[in-house]
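Asks: These protein sequence lines map, in sequence, to chains A, B and C. Residues in the first sequence are numbered consecutively from 1, following the working numbering. Residues in the second sequence are numbered consecutively from 1, following the working numbering. Residues in the third sequence are numbered consecutively from 1, following the working numbering.
Since the hints were derived computationally from the structure, they do not count as laboratory data. Watch out, some of these pointers could steer you wrong.
[What the hints assert, rightly or not] With a straight-line cut-off of 20 Å between C-alpha atoms, the simulated DMTMM-like cross-links for lysine to aspartate or glutamate are:
id: 1; chain 1: C; residue 1: 16; chain 2: B; residue 2: 212
id: 2; chain 1: B; residue 1: 12; chain 2: B; residue 2: 309
id: 3; chain 1: B; residue 1: 12; chain 2: A; residue 2: 127
id: 4; chain 1: C; residue 1: 22; chain 2: C; residue 2: 43
In case you want the letters, here they are:
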Amino acid sequence: MSVAQLAAGRSTPSVLRRASSVGWLTVASTVWMLVLVIVAVIGPLVAPYDPTALDLMNVYAGPSSAHLLGTDETGRDILSRLLVGTAPTLAGPALVVLIAGAVGVLLALSMAWLGGRFDAFLSRVLDIMFAFPGIIVAIVAVSIFGAGFIAPVIALSIAYIPIIARILRTSAIRQRNLPYIAALTVQGASPARMWLTHLLPNLLPIITVQLVVSFSYAILDISAISYLGLGLQPPATDWGLMVASGQPAVIAGHPGQSISAAVVIVITVVALNLIGDRLGEHFDVEQR
Amino acid sequence: MHYPLVSLAMRKVGELVVTLFVASVLIFSLVALVPGDPAAALAGGTRPNPETLAAIRRQFRLDDPIWQRYLGWIGDLFTGNLGTSFVYRANVTDIIGPRIGTSLLLVAYSALIILVVGVGVGVAGALGNRVVDRGLSVLTAIAMGAPTFVVAIFLISVFALGLGWFPVFGAGDDFGDQLYHLTLPAIAMSFAYFAFVARITRSSVRGEMFSEHVETARSRGLAPRQYIPHHVLRNASAQIFSVAGLTIASLFAATVVAEQAFGINGIGSLLVQSAARQDLPTVQIISLAMVFAFVVVNTVVDIVNAAIDPRTATRGRTA
Amino acid sequence: MSEHLLDVSGLTLDLKVGRDYKPIILGTSWWVDRGEALALVGESGSGKSLSARSVIRLLPPTARLGGDVVFDGVSMLSVPPAQLRAIRASRIAMIFQDPRAYINPIHTVADFLCEGLVRTRGVSRSDARRLAVDRLHDVGIRDADRRLQQLPHELSGGLLQRVMIAAALMAEPTLLLADEPTTALDVTTQEEVMAILDDLRTERGLAMVFITHDLDLATAVCDRLVVMQAGRVVETLGAAEIYTAARDAYTRSLVEARAGFDLPDTNREGVR
Numbered sequence: 001m002s003v004a005q006l007a008a009g010r011s012t013p014s015v016l017r018r019a020s021s022v023g024w025l026t027v028a029s030t031v032w033m034l035v036l037v038i039v040a041v042i043g044p045l046v047a048p049y050d051p052t053a054l055d056l057m058n059v060y061a062g063p064s065s066a067h068l069l070g071t072d073e074t075g076r077d078i079l080s081r082l083l084v085g086t087a088p089t090l091a092g093p094a095l096v097v098l099i100a101g102a103v104g105v106l107l108a109l110s111m112a113w114l115g116g117r118f119d120a121f122l123s124r125v126l127d128i129m130f131a132f133p134g135i136i137v138a139i140v141a142v143s144i145f146g147a148g149f150i151a152p153v154i155a156l157s158i159a160y161i162p163i164i165a166r167i168l169r170t171s172a173i174r175q176r177n178l179p180y181i182a183a184l185t186v187q188g189a190s191p192a193r194m195w196l197t198h199l200l201p202n203l204l205p206i207i208t209v210q211l212v213v214s215f216s217y218a219i220l221d222i223s224a225i226s227y228l229g230l231g232l233q234p235p236a237t238d239w240g241l242m243v244a245s246g247q248p249a250v251i252a253g254h255p256g257q258s259i260s261a262a263v264v265i266v267i268t269v270v271a272l273n274l275i276g277d278r279l280g281e282h283f284d285v286e287q288r
Numbered sequence: 001m002h003y004p005l006v007s008l009a010m011r012k013v014g015e016l017v018v019t020l021f022v023a024s025v026l027i028f029s030l031v032a033l034v035p036g037d038p039a040a041a042l043a044g045g046t047r048p049n050p051e052t053l054a055a056i057r058r059q060f061r062l063d064d065p066i067w068q069r070y071l072g073w074i075g076d077l078f079t080g081n082l083g084t085s086f087v088y089r090a091n092v093t094d095i096i097g098p099r100i101g102t103s104l105l106l107v108a109y110s111a112l113i114i115l116v117v118g119v120g121v122g123v124a125g126a127l128g129n130r131v132v133d134r135g136l137s138v139l140t141a142i143a144m145g146a147p148t149f150v151v152a153i154f155l156i157s158v159f160a161l162g163l164g165w166f167p168v169f170g171a172g173d174d175f176g177d178q179l180y181h182l183t184l185p186a187i188a189m190s191f192a193y194f195a196f197v198a199r200i201t202r203s204s205v206r207g208e209m210f211s212e213h214v215e216t217a218r219s220r221g222l223a224p225r226q227y228i229p230h231h232v233l234r235n236a237s238a239q240i241f242s243v244a245g246l247t248i249a250s251l252f253a254a255t256v257v258a259e260q261a262f263g264i265n266g267i268g269s270l271l272v273q274s275a276a277r278q279d280l281p282t283v284q285i286i287s288l289a290m291v292f293a294f295v296v297v298n299t300v301v302d303i304v305n306a307a308i309d310p311r312t313a314t315r316g317r318t319a
Numbered sequence: 001m002s003e004h005l006l007d008v009s010g011l012t013l014d015l016k017v018g019r020d021y022k023p024i025i026l027g028t029s030w031w032v033d034r035g036e037a038l039a040l041v042g043e044s045g046s047g048k049s050l051s052a053r054s055v056i057r058l059l060p061p062t063a064r065l066g067g068d069v070v071f072d073g074v075s076m077l078s079v080p081p082a083q084l085r086a087i088r089a090s091r092i093a094m095i096f097q098d099p100r101a102y103i104n105p106i107h108t109v110a111d112f113l114c115e116g117l118v119r120t121r122g123v124s125r126s127d128a129r130r131l132a133v134d135r136l137h138d139v140g141i142r143d144a145d146r147r148l149q150q151l152p153h154e155l156s157g158g159l160l161q162r163v164m165i166a167a168a169l170m171a172e173p174t175l176l177l178a179d180e181p182t183t184a185l186d187v188t189t190q191e192e193v194m195a196i197l198d199d200l201r202t203e204r205g206l207a208m209v210f211i212t213h214d215l216d217l218a219t220a221v222c223d224r225l226v227v228m229q230a231g232r233v234v235e236t237l238g239a240a241e242i243y244t245a246a247r248d249a250y251t252r253s254l255v256e257a258r259a260g261f262d263l264p265d266t267n268r269e270g271v272r
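The shape of chain A in the complex, shown without the other chains (with noise of 0.2 Å):
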């Protein structure tokens, strides 16, 4: 090892991996994470109040012990309009990445394994499915089938197949040429066990990291679309739309309800980038 190596082998890279070595950091994330799915499901059942439920008497009022994060312009509760908002906020993203994921594996592995022209051809129908940034696949998509749920998901799962299958597809060739998988072909193993038994399993952590990175990338997609007005429809809500319904009121001096939409939204993707970072670096480490 030379000098040069030794010296840029401990020059750690980012802050985060120096915090998170020290856990803290992912376990946070974490906790976040889960408090959120927990939310997600549970969200509508302990919201203190009806998130429709308009209170003219009440509007724009701070925050209190009736309502922790004040009420918006027509006096209805913004925790509990968070609350009930993170369910749909996340299932869009999680359908994109779950929908992308699958067929994004499947055309890593099966270029990696075929080869050849099947392989070049994929290649270039990938790059060029890349030059589609994922937000205008979703505004095409949302002028042809409407506004709403379902288009933006759909458009955003064919957008995000390309990301997800080239990063893979290189792993995928890296770990079809170790050698193995060439032994295991000497000794007739099926394909279908190869899948299953060895190269799926040792791609399964760098899926991982491209899952939940994308889920990240996802959520700020989806918000986007639902901020544009382009998504869900009032008077159901998600935190995208509720940083849009609030712009004026920052305007007119009450950034309450747009605010705390974006800070549940930063901290959402920044606590995934560090769940990402992490794993990756674990893997990382598991690997060498």
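With chain A's structure known, arrange chains B and C on it following the hints.
Replies: Using the frame of chain A, we list chains B and C on its own:
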């Protein structure tokens, strides 16, 4: 220049043409996806009368086979005829024309911020002391989690409403006024990207700082001010440029959110409004333009990159 | 002490590993006289390479050095940065193991050769280029003008290592630090490059610290050997004595490990 660069450039341009062709076919055939009468779909969310429907059928040659329609459409695009929006009851060229300058300016402004601040912060983090590095790392970690519309709300409430330094809405009139109006939108739009570029720059510069060839330079008695520009920054520049280029290419799509958040009349906000009103002819043109911009910028970046780092041209693709 | 060109005494080096400092060199003493070739021999991790780097303080910023290194009357461990750079620029040159990694891949061979003189000595580019052509001829590269315009990846490993040697000679140094200069090359190229290095050194009366794990190579090109193990000097001997007078158990084990292939050979000086 030596020939690997030329052949790489030709290959890249070839790929660009293929991508654009496929993209135009895909975007054109969207109409076929629409449930119901395509003429009604092209009329947008309005309920057209029979005359309008007939006009649409004529304009879009809906009675012709689809490949003829495609050729007609693409031919019109090349002659500058972008079609008619039945929602706005105007030629798409006339709708987009006055808005495109604003959007391009916004993209250019954001690109400048990303390059100057992103690369600057990354270099400062890489070459600075621990405190500077740590502070900047925390900043970029949070910035990467902040969506454009959140940053927009924050900037509006602090710098436009709180401090009153910048206007809340609009795009301004003359060039100086436009820059002034577009400052907050450009910051909002480049925020997450600048953080990303800063992180890549930092790790790339750091990697070069500890590289073997820099040791050689130091062993010959070169001072940091001599080897940092020539060996560290120059060598890191290819990777930084390729990442910055990709983010700049993505900016065209990012105008969608930034323009909407700041009420700017550009093509990004026009795309949102057209989508909401299901104005397909306009959506098709704008989305094709955005894909076009993305692909062209990426191709230029790939070629320039090969010129910066001669190894790329012979090694082939890096992405 | 007497007037050695380079006098290393009680050298210690600690490197930072994680939060702690790890001792790498534990108080070593050795010297080199003018025109003399000294080999630092040992396994990887013995501290031989870092010993040579310590001479010009080419170490990670967190490294801690102790003891003393005196080069031509100057204490290298306390010399101020500007003077250290001046010594690196004109008195001590270093040749590294892997030319692919140690030569900047994006600049031309001409840039690599001329950089030192142009930037640290104020030599004009055209003068530096003329010198570069001469040095390339010295290392046996005939088509120097074409090579100067090429990029490192267009040259073979052996050729590139000759370029590195030429670059080290550009400044006409007094001392050469050669860190396993042939290890990354294939066997035939190794011999060529080594012969060139040996010839040029003796012609110019250059002193050299030659770092290697190859005992045969060390005895072939050097006057004296310093055998290192785990950060300590275990033995110092003349090149001719290695197969007869080695007393230390470690040195003997190194010799015996090779003896099977290369039995006592007293005519090795022939190469010199």
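Asks: Would you mind marking each hint as holding or not holding in the structure?
Replies: Now the hints, each set against the structure:
no.	hint	result
1	C/16 x B/212	holds, 19 Å
2	B/12 x B/309	holds, 16 Å
3	B/12 x A/127	holds, 12 Å
4	C/22 x C/43	holds, 18 Å
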